[in-house]
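Under my numbering, residues 1 to 345 are what the sequence shown spells out, in order.
For the record, the hints were derived by calculation from the structure and aren't laboratory data. Among the clues, some could well be false.
Said to hold, decoys possible - In silico DSSO-like pairs for lysine-lysine, Cα to Cα no more than 30 Å straight-line: (1) Lys63 <-> Lys219; (2) Lys336 <-> Lys63; (3) Lys219 <-> Lys79; (4) Lys63 <-> Lys79.
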Amino acid sequence: MHQATSHRSRQGAIVTACVVAAAIATGASAQDEAPRTSWGVPDLQGTWDFRTLTPMQRPEEFKDRAFLTPEEAAAFEQKVADGRANPQERTGQSDVDVGYNTGFLDLGTELSTSLRTSQIVDPPNGRLPALTDAARLRYAEWREVWSRPPQTAADRPPSTRCLIGFNAGPPMTSGAYNNIMRLFQAPGYVAILNEMVNEHRVIPLDGRDHVPDNVRLWKGDSRGRWDGDTLVVETVNFTPHTTHSGSGMNMHLTERFTRIDDDTLRYEYTVDDPEMFEAPWSVETDMRLTGDDVYEYACHEGNYAMRLMLSGARRQEQQGVDDDTWLPSWYKWMPKKEDLAGGEE
Numbered sequence: 001m002h003q004a005t006s007h008r009s010r011q012g013a014i015v016t017a018c019v020v021a022a023a024i025a026t027g028a029s030a031q032d033e034a035p036r037t038s039w040g041v042p043d044l045q046g047t048w049d050f051r052t053l054t055p056m057q058r059p060e061e062f063k064d065r066a067f068l069t070p071e072e073a074a075a076f077e078q079k080v081a082d083g084r085a086n087p088q089e090r091t092g093q094s095d096v097d098v099g100y101n102t103g104f105l106d107l108g109t110e111l112s113t114s115l116r117t118s119q120i121v122d123p124p125n126g127r128l129p130a131l132t133d134a135a136r137l138r139y140a141e142w143r144e145v146w147s148r149p150p151q152t153a154a155d156r157p158p159s160t161r162c163l164i165g166f167n168a169g170p171p172m173t174s175g176a177y178n179n180i181m182r183l184f185q186a187p188g189y190v191a192i193l194n195e196m197v198n199e200h201r202v203i204p205l206d207g208r209d210h211v212p213d214n215v216r217l218w219k220g221d222s223r224g225r226w227d228g229d230t231l232v233v234e235t236v237n238f239t240p241h242t243t244h245s246g247s248g249m250n251m252h253l254t255e256r257f258t259r260i261d262d263d264t265l266r267y268e269y270t271v272d273d274p275e276m277f278e279a280p281w282s283v284e285t286d287m288r289l290t291g292d293d294v295y296e297y298a299c300h301e302g303n304y305a306m307r308l309m310l311s312g313a314r315r316q317e318q319q320g321v322d323d324d325t326w327l328p329s330w331y332k333w334m335p336k337k338e339d340l341a342g343g344e345e
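Work out the full structure, taking the sequences as your base and the hints as a guide.
Put into structure tokens, the structure is as follows:
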């Protein structure tokens, strides 16, 4: 107990130092190309909004096209706006995927400033590489559990239980709401606070080694360095219970943060996980500086949502419902065991 308290105290002191440093950091002089802190490194501080309409994977209609024209981008954004204005027209899977009333959603209204057709920039087709056989089996087993009416809280995904955020990662991904992160800097450290489930990372920049391989963390173990004006963050040592689009506990994540103008932070990351993917893959998106506040995300393990979920499952059992048609699409990408080559062993 004492060790845990001491650890929290140290992290709290570091975050406090970052906040103080942020308050005294100086901006750019007139001749500078990018703002810098008072200790001379690029100033990435601020509250950043990473909402985007740009899909993670390139829609098939765009085939090999990496970019939209401005006219196509405007038409795409208008189509989305029209769809939101007429929610009664949603049917089938698009209706199942809406877990809240529209007033609670905050999906953004614009594509990324690059006008890319997908956030994935590598492979060049803008699509996720294939999962390995081991990964397909792993996710088939997870789908088998998650598609059943929940028996206890323990058989629900960690994000459903509010143990981790839905979009905080790492890596950070645009989601349905709370796409806000605040970045602090102090000499030798960067701190990232995500609004969703109040996730935070304190990232040392002093070249220290990662923690031993047997130490596994919900958000992995992050270490940072500067590559010119770009902050590079390497994260390893994830747990078996966390995943990003199919990644596993041995994912090597490389994030890159570059301030390309006063109001834009370019965010790039590469997922390298040969146990789970046939090839590495990379994403590029932009975050926008915002004056929005970061609020408490009041989601915690054991809240009323879990009780209602379990109650609903018992009702399904009484009605004899035993299928996965209720699953949202973010579960349905997982293969079914019966669809794997050779079936179950």
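Hint check results:
no.: 1; hint: Lys63 <-> Lys219; in the structure: violated (34 Å)
no.: 2; hint: Lys336 <-> Lys63; in the structure: holds (27 Å)
no.: 3; hint: Lys219 <-> Lys79; in the structure: violated (36 Å)
no.: 4; hint: Lys63 <-> Lys79; in the structure: holds (20 Å)
In terms of the numbered hints stated before, the structure departs from hints 1, 3, listed from lowest to highest.
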